[in-house]
Amino acid sequence: MRRTTPIAFAAAALLLAGCGSQSGGDNGSGTGSGSGDNGKVSPSASAPSSGSGCVTHVELTAADNGRTVCLAKGGELRLTLDGTKSRPWKPVTASGTALKAINAGFVLQPGDASAAYQAVAAGKTELTSSRPLCAEPTAPGQVSCKGIEEWKVTVTVP
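The numbers in our numbering rise by one with no breaks, and the one at position 134 of the sequence shown is 186.
Careful, some of the hints might be misleading.
[Said to hold, decoys possible] Ranges of calculated distance between the beta carbons of each label pair, as one might list FRET restraints:
1) LYS125 to ALA156: 16 to 24 Å
2) GLY199 to LYS137: 36 to 44 Å
3) ALA156 to GLN194: 28 to 36 Å
[To be verified] Under the rule of at most 27 Å between Cα atoms (straight-line distance), these lysine-lysine pairs were calculated in the BS3-like manner:
4) LYS198 to LYS176
5) LYS152 to LYS142
6) LYS125 to LYS152
If you're looking for bench data, these hints aren't it; they were derived computationally from the structure. In this text, all values refer to a predicted model and were calculated from it rather than measured experimentally. Glycine included, every Cβ here is placed at the ideal spot set by N, Cα and C.
All chains, please: the whole structure from these sequences, using the hints.
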């Protein structure tokens with residue numbers, strides 16, 4: 053048997069295991085927006101603000117992929133995506149006008165992404181990032197993959 057065959061089998065098994073896993077979804081905890089959001093919850097959220105039913109503070113992680121969060125105007129959202137030097141998260145991008153970027157502090161670990169936002173206007177904003185599914189090969193003959201892990205959270209401000 054060739055020397056690269058066991059490595060190829062191991063890489064294929066890891067790739068298939070990664071392709072079959074999915075994070076996010078409703079685990080039955082958290083605070084929903086209360087407006088028929090079908091199990092979409094805001095994790096690590098503070099008590100709802102008076103009147104709107106939305107939270108005033110929320111902290112997000114990679115496990116919150118696919119979630120929808122209702123954030124009260126003036127509320128604050130912070131997020132940390134833990135990556136590695138070989139599988140780094142790209143900087144978080146925000147598309148929409150409901151949130152304004154604020155100081156997120158320092159990112160101390162290579163590969164991590166950190167961001168913070170304040171809800172400044174009614175509307176919807178999507179926060180996104182991505183990172184490689186596999187580390188880049190470090191030697192000739194190693195298996196590589198072109199898979200990308202994507203992360204997205206939708207934030208609504210009433």
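- Message: Check the hint pairing LYS125 with LYS152 against an upper bound of 27 Å on the C-alpha distance.
- Response: It holds: about 11 Å lies between the C-alpha atoms, which stays within 27 Å.
- Item | Cβ separation of GLY199 and LYS137, checked against the hinted range 36 to 44 Å | 18 Å, violated
- Query: Going straight from one Cα to the other, do LYS152 and LYS142 come out at no more than 27 Å?
  - Reply: Holds - the C-alpha atoms of LYS142 and LYS152 are around 19 Å apart, at most 27 Å.
- Agreement of LYS198 and LYS176 with the hint, judged by alpha carbon distance not exceeding 27 Å: 31 Å, violated
- Assessment of proposed distance window 28 to 36 Å (beta carbons of ALA156, GLN194): Check passed, 35 Å falls within 28 to 36 Å.
- Query: Holds or violated: 16 to 24 Å for the Cβ distance of LYS125 and ALA156?
  - Reply: Hint holds: Cβ distance 20 Å, inside 16 to 24 Å.
Taken one by one, the earlier hints fail for this structure at numbers 2 and 4, listed in ascending order.
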